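*Asks:* Those protein sequence lines, which keep their order, are chains B and P. Read left to right, the first sequence gives residues 7 to 353 (our numbering). Read left to right, the second sequence gives residues 7 to 353 (our numbering).
Since the hints were made in silico from the structure, they are not lab data. Treat the hints loosely; a few may be bogus.
[Said to hold, decoys possible] Footprint (simulated), chain P over chain B, 3 or more residues, beta carbon under 8 Å: (1) 110-117; (2) 145-159; (3) 204-218.
Please read all numbers here as calculations on a predicted model, not as lab measurements. Just so it is clear, CB atoms sit at the ideal spot from N, CA and C, and this is done for glycine as well.
2 protein chains.
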Amino acid sequence: MSLYRVEVQGFIERCMMAVGTKPHHARSLAEVLVAADSRGHYSHGLNRMDMYVKDIKSGVCAVDGEPLAEKQSAATALVDGKNLLGPVVGNFCMNLAIRKAKEVGIGWVVAHGSNHFGIAGFYAMQALKDNMIGMSFTNTSPLVVPTRGKERTLGTNPLSVAAPAKDGDSFVLDTATSAVALGKVELSERHGDSIPDGWGCDPQGKITADPKRVLTGGGLVPIGGSEATGQRVSLEHLVRWVSLGGALARPWGHGEGMIRTPWVVVGCLSGAGGVLLGKCFSNVVVLPQADPDAPVLTPGDPERASLKKCEEMGGILYHINVVKYMNDYAKKIGVSELLPCDETVTT
Amino acid sequence: MSLYRVEVQGFIERCMMAVGTKPHHARSLAEVLVAADSRGHYSHGLNRMDMYVKDIKSGVCAVDGEPLAEKQSAATALVDGKNLLGPVVGNFCMNLAIRKAKEVGIGWVVAHGSNHFGIAGFYAMQALKDNMIGMSFTNTSPLVVPTRGKERTLGTNPLSVAAPAKDGDSFVLDTATSAVALGKVELSERHGDSIPDGWGCDPQGKITADPKRVLTGGGLVPIGGSEATGQRVSLEHLVRWVSLGGALARPWGHGEGMIRTPWVVVGCLSGAGGVLLGKCFSNVVVLPQADPDAPVLTPGDPERASLKKCEEMGGILYHINVVKYMNDYAKKIGVSELLPCDETVTT
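Chain B with its partners taken away, still in its complex shape:
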């Protein structure tokens, strides 16, 4: 079924506030989740709201205070996220980076004491409003087994770059440094399918086609990083090492003894080039296609298609089960005004 953005936004805000989140922090979170859904990244949208609610309820995320810039130079800053919701910290950092970029050409802001911040692209894209290039990186909990290793040590470490293009268009890369998302492996397992070589490894660190082995003691492999196929040394460490500090190697997550403080890094570059960027864009788009029915892909194309679909429908398409689950969940935490649940329009 299709729901208005504003309905989903308001619902998430109500749920977050029901467990003690400040209204403007709840709004920040809701905006990221709705943006993810509109862009077709359902794994990072409404579907994940209960995770953030639980984080607040359990005290994993703080509700009081605001992020603070601990150290600053003209172009850089180190921010203490005060263990607040990730989007609160992400927005604070990106706004600071944009201000710095306006003044000195680039802003590079690193935060500790943050939490899960949703899709990385959301922050990078904020630079587009000012006709700047935006970048956003974070580490994640360990899901990835390093080359020749057999233990999950590395995060999927997303990275995003957004650049303005011609006529209001933009280039948005929003990806991670693991070969695939864990969700893809989970889906294959649920469907009883095997997985292609180079997605994940078993508990002995060997590449496996069995999704169950990846999920029980194995892990994802780094992007392009399987030594068995002779691919390049992976980019697995890139985000960790660009992030100014070493604490990134610390595992974080919900488990016992885990420290749940991902680092956030955002950057922003001012400078002209919008029109030229637009030209590059078309340069790629008009390329000869291997398959006449499959246009050459540029990062951001699938998201563009999803946004168009939302616009045509006047809302975001959700599976009825997701809406029902979220409504049940809301009742549990004492939210009475639920999402409209009209079964006459289902996906």
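Please build the complex by placing chain P on the supplied structure of chain B, with the hints as guidance.
*Replies:* Frame of chain B, contents of chain P only:
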């Protein structure tokens, strides 16, 4: 056979000066090539000297003038490389980035009018001397076929990040955004081997195991980018779009009608963290190994092993044929003082 670094360095300088390169420009080039060889990247070392000589002789690279910062802010600069040798432009930019980083926390410098600059890691590593994190990116001539495409449109677009670590150690990532280096495909073809899935495609854009088809009309595929294996949207565009300008999409190379002006982007971040970085390092290195004889790999490990070998031998190991070829080549361009060629010590 093994040659002293200083012998190779001097030889390259003599050859470059024989065709009109200014002494300090020749020195810059020689330093990058020798560094590549010491780090085991023979594809980017002495072996490539004749390419640079030809570029000077044919006028593809200029010999007069010095790079110029056209536009500057406190933290950024746009440099005109004046079509000089790539290492001359790369060094100029990195020095400028380091100066800016010392002043305002980060320096981000973009150059046009450059040429092939050797290994990207050389520039990123210059930041290590000042205990800073260095980054270096460039586009290259088109060798890579974009997802769903069938024409070589994208470069291999190398990227490098260097970060100081504990006790003088460092982390150096020096990679590219294609699945493999073209040289690996060439080597497989020479050996009569097939190539693994996901290295390259044929002229119709289909993934192929036949290296010949990749080399004749096909191309490399982006890192992690084969849609057939369901991997992530690739990082193929990352460098192009972070590079402030759109002209990056312009093909360059030695062919007719090609514009040979790669862009260079370098960045430099000041900040503490060396000791902590060192800790992360060990964190990875002591991980349980999938194979007891194969330690867990961190980017930079193969280079570290090569440097150690050079140190033990007191020189760089070269295949005798490379030395002979280079001596013959030097004679052709009028260089009389050749590389020592002692066949009693061969590899």
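*Asks:* The structure should be examined with respect to each hint, and the outcome stated for every one.
*Replies:* We went through each hint and held it up to the structure:
Only residues whose C-beta sits within less than 8 Å of a C-beta in chain P count toward coverage, and the segment 110-117 of chain B has 4 of them, enough to reach three; the restraint holds. Interface restraint, the segment 145-159 of chain B with chain P: holds (7 residues with C-beta to C-beta distance below 8 Å; minimum three). Under a criterion of three residues with beta carbons nearer than 8 Å to beta carbons of chain P, the stated coverage of the segment 204-218 of chain B is upheld, 6 such residues being counted.
Comparing the model with each numbered hint stated earlier shows that all of them hold.
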